[in-house]
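Visitor: Line order of the protein sequences matches chains A and B.
My numbering applies: residue 1 is where the first sequence begins, and numbers increase by one.
My numbering applies: residue 1 is where the second sequence begins, and numbers increase by one.
For the record, the hints were derived by calculation from the structure and aren't laboratory data.
A few of these clues could be false.
Any copy will do: because identical chains look the same in the list, a pair fits if it lies in one copy or spans two.
[Said to hold, decoys possible] Each computed DSSO-like pair below joins lysine-lysine, with the alpha-carbon atoms no more than 30 Å apart: (1) K372 x K30; (2) K206 x K30; (3) K98 x K372; (4) K31 x K206; (5) K372 x K138; (6) K128 x K98; (7) K31 x K372; (8) K128 x K206; (9) K206 x K372.
There are 2 protein chains.
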Amino acid sequence: MGKQLFEIVEGGGVTTPKGFRAGGLHCGLKKTDRHDLGVILCEVPATAAAVYTTNLFQAAPLQVTREALAEDGMLRAVLVNSGNANACTGAQGDADAKAMQANAAAALGLGASQVAVASTGVIGELLKMDRVNAGIEKLPGRLRSDAQGSDDFCQAILTTDLVKKVSCVTLTVDGQTVTIAGAAKGSGMIHPNMATMLGFVTTDAKIGSPLLQGLLREITNVSFNMITVDGDTSTNDMLVAMASGLAENNELTREHPDYEAFAAGLLHVCAELAKAIARDGEGATKLIETVVVGADSNEAAQAIAKTIIGSSLVKSAVYGADANWGRIIAAVGRAGQPVNVGTVDIRLGDIVVLEQSRPIPFDEEIALEYLKGDTVAIHVNLNMGSGQAKAWGCDLTYDYVRINAAYRT
Amino acid sequence: MGKQLFEIVEGGGVTTPKGFRAGGLHCGLKKTDRHDLGVILCEVPATAAAVYTTNLFQAAPLQVTREALAEDGMLRAVLVNSGNANACTGAQGDADAKAMQANAAAALGLGASQVAVASTGVIGELLKMDRVNAGIEKLPGRLRSDAQGSDDFCQAILTTDLVKKVSCVTLTVDGQTVTIAGAAKGSGMIHPNMATMLGFVTTDAKIGSPLLQGLLREITNVSFNMITVDGDTSTNDMLVAMASGLAENNELTREHPDYEAFAAGLLHVCAELAKAIARDGEGATKLIETVVVGADSNEAAQAIAKTIIGSSLVKSAVYGADANWGRIIAAVGRAGQPVNVGTVDIRLGDIVVLEQSRPIPFDEEIALEYLKGDTVAIHVNLNMGSGQAKAWGCDLTYDYVRINAAYRT
Chain A
1 MGKQLFEIVE
11 GGGVTTPKGF
21 RAGGLHCGLK
31 KTDRHDLGVI
41 LCEVPATAAA
51 VYTTNLFQAA
61 PLQVTREALA
71 EDGMLRAVLV
81 NSGNANACTG
91 AQGDADAKAM
101 QANAAAALGL
111 GASQVAVAST
121 GVIGELLKMD
131 RVNAGIEKLP
141 GRLRSDAQGS
151 DDFCQAILTT
161 DLVKKVSCVT
171 LTVDGQTVTI
181 AGAAKGSGMI
191 HPNMATMLGF
201 VTTDAKIGSP
211 LLQGLLREIT
221 NVSFNMITVD
231 GDTSTNDMLV
241 AMASGLAENN
251 ELTREHPDYE
261 AFAAGLLHVC
271 AELAKAIARD
281 GEGATKLIET
291 VVVGADSNEA
301 AQAIAKTIIG
311 SSLVKSAVYG
321 ADANWGRIIA
331 AVGRAGQPVN
341 VGTVDIRLGD
351 IVVLEQSRPI
361 PFDEEIALEY
371 LKGDTVAIHV
381 NLNMGSGQAK
391 AWGCDLTYDY
401 VRINAAYRT
Chain B
1 MGKQLFEIVE
11 GGGVTTPKGF
21 RAGGLHCGLK
31 KTDRHDLGVI
41 LCEVPATAAA
51 VYTTNLFQAA
61 PLQVTREALA
71 EDGMLRAVLV
81 NSGNANACTG
91 AQGDADAKAM
101 QANAAAALGL
111 GASQVAVAST
121 GVIGELLKMD
131 RVNAGIEKLP
141 GRLRSDAQGS
151 DDFCQAILTT
161 DLVKKVSCVT
171 LTVDGQTVTI
181 AGAAKGSGMI
191 HPNMATMLGF
201 VTTDAKIGSP
211 LLQGLLREIT
221 NVSFNMITVD
231 GDTSTNDMLV
241 AMASGLAENN
251 ELTREHPDYE
261 AFAAGLLHVC
271 AELAKAIARD
281 GEGATKLIET
291 VVVGADSNEA
301 AQAIAKTIIG
311 SSLVKSAVYG
321 ADANWGRIIA
331 AVGRAGQPVN
341 VGTVDIRLGD
351 IVVLEQSRPI
361 PFDEEIALEY
371 LKGDTVAIHV
381 NLNMGSGQAK
391 AWGCDLTYDY
401 VRINAAYRT
């Protein structure tokens with residue numbers, strides 16, 4: 001085993017890093033009484049970074065957050081509502097997102113540009129701003145620095161998600177304990193290119209905004225951008241990171257001896273959240289992990305891994321615990337990447353089903369047992385080069401259809 | 001109305017053009033007693049053309065057919081089995097495809113290179129050649145020049161399809177009646193790039209093989225290549241056309257005064273088959289037609305139309321009769337094509353839901369009624385240029401999942 005660069009904090013959340021409080025409440029955007037408005041507050045100005053959906057139609061809050069970050073790369077808070085995406089809502093939507101920012105800033109005693117905003121939910125309907133504003137008024141009283149605060153926030157960002165998604169690690173930088181935590185929501189319209197979800201990372205590490213931005217993008221490419229639920233890319237999704245610096249380490253740089261540990265910890269948090277989103281994809285009953293090795297390049301491996309994980313036929317077969325590797329090789333062959341059609345190996349977990357592109361007899365009973373598990377790994381070796389990638393997704397089930405056949409009603 | 005270039009032949013099929021007989025029977029590849037082996041025979045050498053899947057893993061019969069056509073562009077027969085794709089079956093699969101060709105040629109008194117072969121069904125299992133060969137022996141006795149022959153053939157090529165897919169038109173060339181007919185099968189792994197299905201076109205027109213090939217490719221790009229059921233591209237699919245020349249028209253050229261009529265007739269046959277495949281997509285309850293106009297180019301319009309029709313979220317919403325246009329605009333925005341985010345109009349049938357990218361209030365009851373119909377049209381106008389395209393697909397339903405969760409079992 002390699003050196004342990006970080007430790008997992010069981011029960012940790014976005015309020016675990018020093019300097020962060022969080023909270024959530026029900027303001028009335030969701031039809032149920034579940035939380036639908038949440039906030040994370042940093043007690044000091046936090047260096048910050050964000051990545052955004054690649055969808056050309058970007059929801060109003062994304063532009064507001066982009067402008068807030070452009071000012072000086074610093075944030076004090078991020079306000080999130082669920083139940084309404086504030087997307088395709090025209091000038092009124094822009095004004096509403098600005099009003100959310102301004103009102104949250106006023107309630108928290110901050111400047112407007114210190115507040116990021118995010119929204120998730122139905123597209124094309126105006127926010128009920130009276131409800132949002134009444135909720136914002138109450139939010140400061142709900143802020144907590146304990147696990148309940150993190151929990152309330154996690155609850156407030158969910159839409160069709162079934163479970164809260166949170167991850168937390170600690171590591172040592174300059175002898176100081178640094179904590180990194182994240183919270184996220186899925187769970188439809190989940191597809192590559194930062195078109196995945198809402199994600200929020202807090203850390204008490206001292207790290208400059210430009211470096212945090214660069215690292216966040218690199219890590220997004222191998223975590224959130226490698227999951228897909230249904231191939232659809234949302235208008236709203238973003239990942240925001242805030243670093244309070246209260247761990248009092250020397251500022252991290254790429255040359256810092258503990259930079260590698262910090263990057264590994266951040267990657268762990270993001271990958272755990274990404275996998276949690278995939279596992280909790282709409283209607284999903286299991287997580288599918290696709291590992292592609294031996295490709296011409298990492299990019300080719302990524303494209304192939306994502307094509308497999310995005311195949312409705314592969315996803316349906318996994319749901320049915322059917323070892324239908326023909327659909328896997330068909331996905332490999334249509335990914336638009338260089339493939340030697342005579343040298344492909346495929347394993348389902350440890351069960352070899354194809355070697356040098358030839359079917360290998362396997363025990364259907366053992367395969368059935370394996371595929372009935374809650375995590376299914378698909379390994380593909382192209383035996384061409386050293387390119388490799390991992391991608392995550394979920395099975396396609398009756399419930400995906402049920403959920404999406406009547407989302408608005 | 002423009003000039004009527006062709007007439008639809010109700011009840012017509014692949015045996016309607018002069019010179020063609022067809023038949024089908026059950027040889028034992030399917031578990032039910034449905035036909036699983038079929039043949040079309042032309043009584044004279046037919047000029048021929050074919051297009052093939054773009055999947056890198058091409059099934060054994062495709063190579064055999066490619067070689068047969070490469071010889072002299074002529075065919076006398078095409079033999080098809082369903083129930084087994086003969087794909088990813090290695091050297092034995094290649095030998096089996098060659099044996100199917102040779103045995104059919106012997107049974108029909110032809111040269112091997114006059115016979116094309118095609119297969120569809122499960123990937124990665126060897127053909128039960130004893131059953132195939134026994135079936136081939138009986139096939140000559142089942143050939144008929146009437147509607148029953150066409151019907152038997154159509155039945156023999158189906159897998160999970162629910163209905164036979166056939167189309168037939170007549171038109172006049174040099175004062176002679178020319179007939180064009182086609183048969184096809186779907187109905188999963190249906191996605192652009194001739195990765196769609198098996199299709200067979202017969203005509204009695206006199207047309208050279210190179211021109212037929214060029215025309216077939218052009219028409220495939222705006223018919224079969226514009227449908228998607230699930231975004232998966234099969235290893236097996238091909239479209240084969242045979243022209244007997246028995247209509248005794250002067251040979252068609254691009255300059256021939258009736259070329260336009262022939263092309264229009266062939267397009268009609270291919271588009272009807274393509275739409276029939278989409279409507280009969282696995283588990284589908286309705287046909288979705290997407291029309292994109294006002295794009296920068298036809299290519300951009302095609303990409304956007306196919307992204308919309310391929311969106312699991314759009315497909316689920318149509319299944320649920322939910323006028324969730326947010327998912328349509330999200331698909332437009334992630335298609336990777338130039339889009340002006342402020343000028344998009346969207347209609348569902350005649351119901352305007354978005355104008356200049358702004359939501360237009362509409363009557364939900366009327367929209368619900370419309371979306372409950374068996375054909376749903378999605379119109380998108382980008383208001384940018386003159387590029388346009390049509391694409392066809394189907395809704396995503398519980399039954400798609402049911403069918404594909406246990407296809408092999």
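Visitor: Indicate which option fits the pair K98, K372 if close means a Cα-Cα distance not exceeding 30 Å: within, between, both or neither.
Guide: Close neither inside one copy (48 Å) nor across copies (39 Å); limit 30 Å.
Visitor: Quick one: K128 to K98, C-alpha cut-off 30 Å, is that within a copy, between copies, both, or neither?
Guide: Cα proximity of K128 and K98: one copy only (14 Å, versus 68 Å across).
Visitor: Using 30 Å as the alpha-carbon threshold, which applies to K372 and K138: within, between, both, or neither?
Guide: neither (46 Å within a copy, 43 Å between copies)
Visitor: Have a look at K128 and K206 and pick one of within, between, both or neither, based on CA distance no larger than 30 Å.
Guide: neither (38 Å within a copy, 67 Å between copies)
Visitor: At 30 Å max between alpha carbons, let me know whether K206 reaches K372 within a copy, between copies, both or neither.
Guide: neither (45 Å within a copy, 57 Å between copies)
Visitor: At most 30 Å between alpha carbons: which applies to K372 and K30, within, between, both or neither?
Guide: between (34 Å within a copy, 27 Å between copies)
Visitor: Is it within, between, both, or neither for K31 and K206, if the alpha carbons may be no more than 30 Å apart?
Guide: Neither: 41 Å inside a chain and 66 Å across chains, both beyond 30 Å.
Visitor: Cα distance capped at 30 Å. Does K206 pair with K30 within a copy, between copies, both, or neither?
Guide: Classified as neither; 37 Å inside a copy, 66 Å across copies.
Visitor: With 30 Å as the alpha-carbon cut-off, assign the pair K31 and K372 to within, between, both or neither.
Guide: Classified as between; 25 Å across copies, 35 Å inside a copy.
When each numbered hint is compared with the structure, violations occur for hints 2, 3, 4, 5, 8, 9.
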